[in-house]
Amino acid sequence: MADSDFERQAVTHLDALYNFAVYLTRNPPEAEDLVQETYARAFRFSHRFEPGTHLRAWLFQILRNTFLTFYRLRERETAVAEDGVPDWDTPMFHDAPDDSSGTMEAHTDLERALRRLPEEFRTVLLLAEVEGLPLEEVARVMTCPVGTVKSRIFRAKERLRGLLRDYETR
Amino acid sequence: MTGPLSELPDEALGHHLASNLPRHSAPGRLRQAIGAAGRPRPVFTPWLSAGLAATATALVLLLFFLPLLPRITPADPVQRLVRAAVAEHTRTLMWGARRPDVIPAALPWLTQESGIGLLRVFSGDERLTLLDAEPVYLEQRRGIALHYRDEDGHLLTYLVLPAPGLPLPDRGRTQVDRFRPALIHDSGFSAWLWKQGDLACLLISDMISETDLGHFRDYFVRVRVATEPVPAY
Numbered sequence: 028m029a030d031s032d033f034e035r036q037a038v039t040h041l042d043a044l045y046n047f048a049v050y051l052t053r054n055p056p057e058a059e060d061l062v063q064e065t066y067a068r069a070f071r072f073s074h075r076f077e078p079g080t081h082l083r084a085w086l087f088q089i090l091r092n093t094f095l096t097f098y099r100l101r102e103r104e105t106a107v108a109e110d111g112v113p114d115w116d117t118p119m120f121h122d123a124p125d126d127s128s129g130t131m132e133a134h135t136d137l138e139r140a141l142r143r144l145p146e147e148f149r150t151v152l153l154l155a156e157v158e159g160l161p162l163e164e165v166a167r168v169m170t171c172p173v174g175t176v177k178s179r180i181f182r183a184k185e186r187l188r189g190l191l192r193d194y195e196t197r
Numbered sequence: 094m095t096g097p098l099s100e101l102p103d104e105a106l107g108h109h110l111a112s113n114l115p116r117h118s119a120p121g122r123l124r125q126a127i128g129a130a131g132r133p134r135p136v137f138t139p140w141l142s143a144g145l146a147a148t149a150t151a152l153v154l155l156l157f158f159l160p161l162l163p164r165i166t167p168a169d170p171v172q173r174l175v176r177a178a179v180a181e182h183t184r185t186l187m188w189g190a191r192r193p194d195v196i197p198a199a200l201p202w203l204t205q206e207s208g209i210g211l212l213r214v215f216s217g218d219e220r221l222t223l224l225d226a227e228p229v230y231l232e233q234r235r236g237i238a239l240h241y242r243d244e245d246g247h248l249l250t251y252l253v254l255p256a257p258g259l260p261l262p263d264r265g266r267t268q269v270d271r272f273r274p275a276l277i278h279d280s281g282f283s284a285w286l287w288k289q290g291d292l293a294c295l296l297i298s299d300m301i302s303e304t305d306l307g308h309f310r311d312y313f314v315r316v317r318v319a320t321e322p323v324p325a326y
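Note that the protein sequences, when read in sequence, are chains U and D.
At position 67 of the first sequence (counting the first as 1) the number is 94 in the working numbering, and the numbers step up by one without a gap.
At position 181 of the second sequence (counting the first as 1) the number is 274 in the working numbering, and the numbers step up by one without a gap.
Same shape as in the complex, but just chain D:
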């Protein structure tokens, strides 16, 4: 170089930059890292994304239509009735009664709506408190439901539905006091099922342990003795 850099003409300054500016080579570890990143990856399967998308779509559709699919209902009419009653009890547990009217003020209206008359009704005592009464519609039958709560906080649902010709199963029949109802378990709930004439009566609760069943037996007697449902029409 013959003069100061600042005097170099454009082209010479460019050449000077190219030839005198130190070049920096990539360190070995960087070379290795880039090489590793560029290694062949697993073979892409073109059908995989389409398959996953189709599966996801099917799952979404299934979830959407699931509530609309026909339910697998038990063939046994008793089991079907108990399952519907338990579902009603569960609904009450989660959402409360639809129309919490306390009898006897609402008795005429309840009778009119449910088609079930109550000549006598268990209106609660020191162990059980009557919460409300409401008409229900289960298994294509109109009926009546009364809800109680015991001192321990268990909710009990007393249901009466017209069920002429419904046979009570022999299995589960239990002698309780002077009655012989059937004790049926379904979906984690216990149900006493008995008949009074052409009416099917159920008392449902989540009491399933041995101790609780002792209380449940007692509650059945209290309700059974003090309540007398009859068809209204």
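Here chain U stands alone, though its shape is the one from the complex:
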């Protein structure tokens, strides 16, 4: 695939990637940085993309790996709450604004509950249910077997229900 074709096709997935990034980072400015970094890597390593495979899944995979890379870096420096949900006050990228003013407000219980899920549960739900990726593609993004994806989806929904129940009883 020519570079220009690759780039044109890659850009068509911008909204989906940004949406995914916002839910991963919960911070729009950080999401922008994450998406920019994702595209930078995708363009740099476009020769590694296998034509005929799902470009969208490949881009999601780069985005998630990038996120995890920076998340792990940040995780070493910031405290992680007991429920496994990290403290998000520290910007993921060094050039991101150094305050939490850009943090996305959750308007619904569904958003609040989703935000409290661990990353691996949040990601399977976002990819499989929100973005509609086939389980095989989700497995590729998460570099795990399809069976694991199914199991994670099931457990993610269980956890989500539990969190929703907490909000409903308040």
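Computed list of lysine to any residue pairs in SDA-like fashion (alpha-carbon distance at most 20 Å, straight line): (1) 177(U) x 105(D); (2) 288(D) x 267(D); (3) 177(U) x 101(D); (4) 177(U) x 110(D); (5) 177(U) x 102(D).
These are calculated hints, taken from the structure and not from any lab test.
Please arrange chain D on chain U, whose structure you already have, making use of the hints.
Just chain D now, kept in the frame of chain U:
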């Protein structure tokens, strides 16, 4: 929706997520930034990297073999001799003498090694201090070198080499006291060159300014008058 979200079965919860979770569209500035990043770049020239690699390899090889390449030596034997003497002087400047033996204790050994005998030798005075003496091998000739340092810190190398048939150039010949040596400049150094019989004598220093040359002239006289080299064999 008919009941609380927490009661929804798996499939319905999935649909609910897909339809009710707010979607976030990429901001315009992000779209622009990604578009700019994806603009066509300059055409890649496949030969460029190979060419650069070949050039780099050639440069490395050139640097490696440079010391082994034949030097461009002057055709003029006098110039060649002076250049070799200056190189020896430079070596001494940088590394010091190879065997710093002070005459006269080392004279017999020096004579044996160099083939040059010193009937009289300038062993220094209030202006010049004799540092050391050593045998040298220059221009395929064995010779002797004496090193002096003046009060200002200039190093002087006095060299004697056998040079039968070496003509002294007319150009640069200067009347100094009762002598007429040739003053030759090479590589930023000055050299007095004169002959005593079949021996070529040189006095080399980095003294090149007008004032320094006045002193250098004086040093030449001191060394020339007090030193008498002869072939030992």
